[in-house]
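S.K.: Each chain, letter by letter, is given below.
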Amino acid sequence: MAGTSLRTYLLTRLALVVPMVLILLTLVFLLMRVAPGDPISAALGGHVPPALIKQIRHQLGFDKPLLTQYGTYLWDIARGNFGTTITDHRPLSQIITVNGAATLELTFFAMLIAIVVGVVIGLVAGRYRDTPLDVFGRLFGIVAYATPVFFLGLMGQLVFGVWLNWLPTSDQASPITQALLKTHTNILALDAVIDGNWSALGDVMKHLILPAATLGLATAGIFIRLIRVNVIRTLRDDYIEAARARGITERSVVYHHAFKNALVPVITVVGLNMALLLGGAVLTETTFNWPGIGHALVTYLENRDYTAVQGIIVVFALVVVAMSVIVDFLNAYVDPRIRY
Amino acid sequence: MDLKWSSRRIVLVAAVLASLAAVAVVAGSSLAGVSSHHSTTASSVIVDGTTDTVVNIDPANEYDYGSFTVDLLIFQGLYGFPHGAKLEPVLATGCKASANLKTWTCGLRKNVKFSDGNPMTSADVKYSFDRVLKIKGDQGIYTLLSNLKSTTVSGPYTVVFHLKAPQSTWPLILSTNAGYVVEKAKYPFTKIAANTDPQYGTGPYELTKFSPGQQAVFTPNPNYWGPKPKNGGLIINYYSKSSTMKLALQKGDLDMVFRDFTPTELSSLAKTKGIVVHSGNGVVIRYLVFNVKDAPFDNLAVRQALAYLMPRQDIASRVYHGSVQPLYSMVPKGLPGQIDAYKTLYGASPSVAKAKAVLAKAGVQTPVPVTLWWTPTHYGDASADEYTEIQRALNASGLFKVTLKSAEWAQYSGALGKQYGAFQLGWFPDYPDAEDYTVSFYQCGAFYNNQYCSPAMTKLIEKERAARTTGARIAALKAMQMLAAKDLPTIPYWQGKMIAVSKSNVQGINGTLDAAFYMRFWELSKS
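For the record, the sequence lines run as chains P and L.
Counting along the first sequence from 1, when you hit position 108 you're at 115 in the working numbering, and nothing is skipped either side.
Counting along the second sequence from 1, when you hit position 305 you're at 320 in the working numbering, and nothing is skipped either side.
Quick caveat, the hints were computed from the structure, so don't treat them as lab data.
Keep in mind that a hint or two might mislead.
[What the hints assert, rightly or not] Here are the simulated lysine-lysine pairs, PhoX-like style, with alpha carbons at most 25 Å apart:
no., chain 1, residue 1, chain 2, residue 2
1, L, Lys-141, L, Lys-151
2, P, Lys-189, L, Lys-141
3, L, Lys-474, L, Lys-493
4, P, Lys-61, L, Lys-179
5, P, Lys-71, L, Lys-433
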């Protein structure tokens with residue numbers, strides 16, 4: 008019964024993706040066209056005659072009625088044709104694979120840092136409540152969460168890149184490494200491993216530290232507070248008292264009983280924070296010149312590139328939805344009390 | 016608190032510390048590893064940073080400076096500026112015009128090969144021109160060939176261009192990116208090659224890797240007909256923010272930067288040990304455009320008063336810290352035929368008295384409320400300070416009350432002249448000749464919609480195009496500049512220097528900073 012309800016739930020969620028994406032596409036389509044300016048003027052204005060700009064707009068169909076443009080766009084999407092960007096004629100699929108891979112690399116390591124830092128500090132803070140360790144953990148969580156991610160990045164560049172000169176301040180790898188590394192997956196760390204190029208791997212990892220830490224710490228702040236609260240709450244539960252009464256050691260009570268149960272809500276938050284992570288990635292990528300999909304979105308937005316912005320927003324939406332569905336599935340799998 | 020340390024905990028902590036140490040060792044050895052692994056390559060490869068972007072590498076649809084920088088390294092035209100600001104035959108041995116200047120016959124250099132080893136012939140040249148006109152790419156480069164009726168060949172090493180109207184400056188058009196020669200067998204006739212497709216040109220480099228928005232990697236073209244580049248290759252790294260690029264240069268990730276730092280960043284770099292700021296004659300200009308049918312700018316006296324008050328020296332020193340120079344003509348200094356027409360008519364420095372007099376004579380009540388438009392997202396961060404300086408000077412005269420308004424480029428570029436009465440624009444040339452700084456601005460229906468259309472100017476444009484001698488052409492160009500200074504459809508105010516910043520071990524940069532506005536990377540080397 009539980010399996011059937013979960014299957015039904017998942018199928019329903021997947022079916023709801025279509026109208027959700029449609030609504031999002033429509034909103035983005037309208038907003039981009041309502042905003043003043045267009046990609047042709049942005050690219051050619053100030054250098055070519057207005058008659059030529061008008062001609063090019065006509066060639067690309069931007070002078071057609073909005074409804075016609077909308078219909079054409081939806082028809083192309085339905086056939087799997089996300090088009091090419093208007094400003095630099097890149098296929099959307101290439102942006103998603105190449106730039107998306109860079110964002111995936113960054114967000115993966117950022118989430119790793121967020122989880123490790125968040126779980127460790129949250130656990131310690133919750134376990135040693137109202138001690139200096141707890142105060143430090145809470146303060147760290149608040150500061151990490153409240154600090155704008157781009158400011159954190161700039162400070163990281165200043166301290167570790169400039170003053171201490173320990174770490175690089177931008178890009179995925181040094182120029183020579185990036186030039187010589189063969190492209191297999193567009194994830195440079197993986198490509199270096201595939202090639203067995205350990206010096207390149209080291210270079211790539213070194214370049215990852217600052218941006219991943221910047222993005223990860225901002226998210227870790229949320230995890231610290233959540234895990235701390237959950238640990239404190241769980242430690243007050245009856246079954247914990249019962250375990251203590253049975254003579255189980257405190258360490259075992261905390262790590263084998265309380266901690267695992269305290270982590271269950273974290274699964275939900277980790278999944279939902281992917282959306283925040285993607286949003287934070289936009290700022291982090293811009294600060295560190297990281298060639299991710301967020302950085303690309305900013306550039307295409309500035310140039311009013313309708314096709315690019317619409318396509319990238321759809322990708323973001325699909326990623327968030329996918330994470331949400333996976334989180335729901337994991338929750339139901341981990342906690343048999345959950346029914347859909 | 017239970018703080019007993021069990022052996023299990025010690026093992027766990029030790030494992031974590033060991034992992035962190037391993038990562039640190041790998042990361043720490045990376046720089047040494049990279050340096051030793053790439054020592055021979057790294058020592059001769061120039062790594063350049065830029066904030067330019069690449070739109071299209073295929074020359075049939077390339078019309079922005081970032082794409083031009085890439086194309087300059089891998090493609091060539093029949094004419095060009097290989098050694099400075101002097102136009103010279105490159106793939107051609109020379110071109111001869113017919114008596115009526117409507118037919119140009121060009122001989123081609125023999126033994127020129129594309130980067131894949133295939134020989135270049137007249138068929139490739141004809142194909143390249145036909146292709147540009149067929150595709151009519153959305154970047155608009157084909158408009159430079161608007162006077163070309165057809166291209167024919169006469170044997171494998173002669174190309175004939177048939178023009179619609181007489182044009183003495185046709186070789187200048189052949190030097191633009193619209194005239195770059197591509198290999199016929201490798202480029203489709205009706206569509207643009209993708210940026211990540213292999214590119215085949217006759218230039219000193221071949222493009223071995225292009226990562227959009229990240230990096231372009233060039234190695235010397237093994238089949239190049241000319242002298243080999245002085246370096247072992249070139250990497251151009253792309254940055255969206257100049258501050259990030261500055262850090263990369265200071266940390267040694269870059270050997271040099273060409274385009275663009277802010278004036279403040281340049282000042283800071285000039286004081287940095289081991290970094291050199293190179294400066295030469297540039298041809299980028301900034302100017303104020305008037306919609307001459309839009310009040311109050313439809314009144315010539317108002318435009319004249321603004322011309323008398325333009326604070327060029329203050330803009331150059333206070334805003335740009337000397338990285339630009341005052342400009343008194345739409346044609347930048349250094350180009351043949353340039354005259355300081357605005358200085359002649361309105362003086363070298365602002366004059367409140369003369370501005371006041373001209374407004375009084377026209378019966379214009381002061382202060383005149385005017386709105387000046389500028390954009391923060393296309394011409395650099397200094398634009399805000401630039402227009403604040405202009406506002407300060409005009410308001411201080413008591414003759415104007417200036418309101419500044421701005422819009423980001425995507426919106427701004429679509430509203431030029433249509434909604435704005437007076438607005439900021441900049442220009443870099445299609446080709447470094449005074450013609451590109453006059454005809455483009457003064458012809459009726461100019462690209463910026465300012466409603467300026469003067470029969471006298473139109474006659475001068477026709478005279479310049481049909482001039483049979485250099486002297487006649489220069490005379491026409493000078494007359495155009497004087498007439499424009501009188502009619503005031505625009506007020507030019509600064510000319511940028513061509514600036515590159517490098518580590519002190521990079522040689523050859525100064526020799527490439529000239530009015531041609533090319534960065535001839537093939538002349539650069541590292542010690």
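S.K.: Each hint should be assessed against the structure and marked as holding or not.
M.R.: Hint-by-hint comparison with the structure:
1. Using a Cα cut-off of 25 Å, the hinted pair Lys-141(L) and Lys-151(L) holds, with the two alpha carbons roughly 16 Å apart.
2. A C-alpha spacing of about 37 Å is found between Lys-189(P) and Lys-141(L), which places the hinted pair above 25 Å, so the restraint is violated.
3. Simply put, Lys-474(L) and Lys-493(L) have alpha-carbon atoms about 13 Å apart, close enough for the 25 Å limit, and the pair holds.
4. A C-alpha spacing of about 24 Å is found between Lys-61(P) and Lys-179(L), which places the hinted pair at or below 25 Å, so the restraint holds.
5. About 21 Å separates the Cα atoms of Lys-71(P) and Lys-433(L), which keeps this hinted pair within 25 Å; it holds.
Violated hint for the displayed structure: number 2, the only one.
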